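Peer 1: If you want the building blocks of each chain, they are given just below.
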Amino acid sequence: EAGVAQSPRYKIIEKRQSVAFWCNPISGHATLYWYQQILGQGPKLLIQFQNNGVVDDSQLPKDRFSAERLKGVDSTLKIQPAKLEDSAVYLCASSVVGDPGIEQYFGPGTRLTVT
Amino acid sequence: DQQVKQNSPSLSVQEGRISILNCDYTNSMFDYFLWYKKYPAEGPTFLISISSIKDKNEDGRFTVFLNKSAKHLSLHIVPSQPGDSAVYFCAASGGSQGNLIFGKGTKLSVKP
Chain A
24 EAGVAQSPRY
34 KIIEKRQSVA
44 FWCNPISGHA
54 TLYWYQQILG
64 QGPKLLIQFQ
74 NNGVVDDSQL
84 PKDRFSAERL
94 KGVDSTLKIQ
104 PAKLEDSAVY
114 LCASSVVGDP
124 GIEQYFGPGT
134 RLTVT
Chain B
591 DQQVKQNSPS
601 LSVQEGRISI
611 LNCDYTNSMF
621 DYFLWYKKYP
631 AEGPTFLISI
641 SSIKDKNEDG
651 RFTVFLNKSA
661 KHLSLHIVPS
671 QPGDSAVYFC
681 AASGGSQGNL
691 IFGKGTKLSV
701 KP
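Taken in sequence, the protein lines are chains A and B. Residue numbers for the first sequence follow our numbering, so the first one is 24 and each next one is one higher. Residue numbers for the second sequence follow our numbering, so the first one is 591 and each next one is one higher.
Source of the hints: derived by calculation from the structure; they are not laboratory data. Note that this is a predicted model, so its numbers are computed, not measured. Backbone N, C-alpha and C fix where the C-beta goes; we use that ideal spot for every residue, glycine too. Mixed in with the good hints, there may be bad ones.
Pairwise CB distance ranges, derived in the manner of DEER restraints [to be verified]:
1) Pro84/A with Ala631/B: 24 to 30 Å
2) Tyr33/A with Pro672/B: 26 to 32 Å
3) Ile608/B with Arg87/A: 42 to 48 Å
4) Arg607/B with Asn75/A: 45 to 51 Å
5) Ile608/B with Arg39/A: 49 to 55 Å
6) Lys595/B with Pro84/A: 43 to 49 Å
7) Arg32/A with Pro672/B: 25 to 31 Å
8) Asn75/A with Lys595/B: 43 to 49 Å
9) Gln103/A with Pro672/B: 40 to 46 Å
10) Arg87/A with Ser600/B: 31 to 37 Å
11) Asn75/A with Ser600/B: 18 to 24 Å
12) Lys658/B with Arg39/A: 25 to 31 Å
Derived SDA-like pairs (lysine to any residue); straight-line CA-CA distance at most 20 Å [what the hints assert, rightly or not]:
13) Lys67/A with Leu637/B
14) Lys694/B with Asp122/A
15) Lys646/B with Asn657/B
16) Lys34/A with Pro630/B
17) Lys595/B with Asn657/B
18) Lys67/A with Glu37/A
19) Lys661/B with Ser675/B
20) Lys67/A with Pro599/B
21) Lys595/B with His666/B
22) Lys701/B with Gln604/B
23) Lys694/B with Tyr128/A
24) Lys694/B with Lys101/A
25) Lys67/A with Asp614/B
26) Lys106/A with Tyr128/A
27) Lys67/A with Gln604/B
28) Lys697/B with Arg651/B
29) Lys67/A with Asp621/B
30) Lys67/A with Phe636/B
31) Lys67/A with Thr635/B
32) Lys67/A with Pro630/B
33) Lys644/B with Asp122/A
34) Lys646/B with Pro630/B
35) Lys694/B with Ser675/B
36) Lys697/B with Asp621/B
37) Lys67/A with Lys701/B
38) Lys661/B with Asp645/B
39) Lys101/A with Gln73/A
40) Lys694/B with Lys34/A
Build out the structure end to end from the sequences listed, making use of the hints.
Peer 2: In structure tokens, the structure reads:
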């Protein structure tokens, strides 16, 4: 079974530029998550999708971050414009359902460096 | 304010000995607790979980203990192997949604 795929793996941009990340979850997984992991911290949830609907985006900085999950499969996360503090690893995860305690499968992440 | 705390940034253990990783939480509404292991340049991988109705869950060399009154859980690895060297994250979830609240992680080094 293929795992969660993410691209690109690394991205370096200047502040105020835009960037987009792509995620392809495990086939059949209804729930998709985007996490932000800053160096030395644990992952922090940005947004949770159930199929193509948003379940929780309370910690998404909506003035600069946006995410979509068209057709309930792939998802993209966009930052526009980027700030220095956005430098982090962006992790995508998926699970069969979005219930508490259900195992989430993580992709390898995209390491973003904003200069 | 951190709801899930891992107060030891690092732990070094000799191969064959027991590794004990600790985690404290503040939110009594958490129903499930999960441990994830992370190697460099990879995403976290699920290791073991426990629900709040249990106080122990075992899977091979890995055992998680939950003390609800103390709001504390621990992961025991016996015997520790060099391949266990990684960063271990404690995570919790609760309520109606599955989103996880992670601790900062503990870096385990198992020396041959």
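Peer 1: Can you list which hints this structure breaks, lowest number first?
Peer 2: Hint check: 6, 8, 11, 12, 14, 18, 19, 24, 26, 27, 34, 36, 37, 40 fail, others pass.
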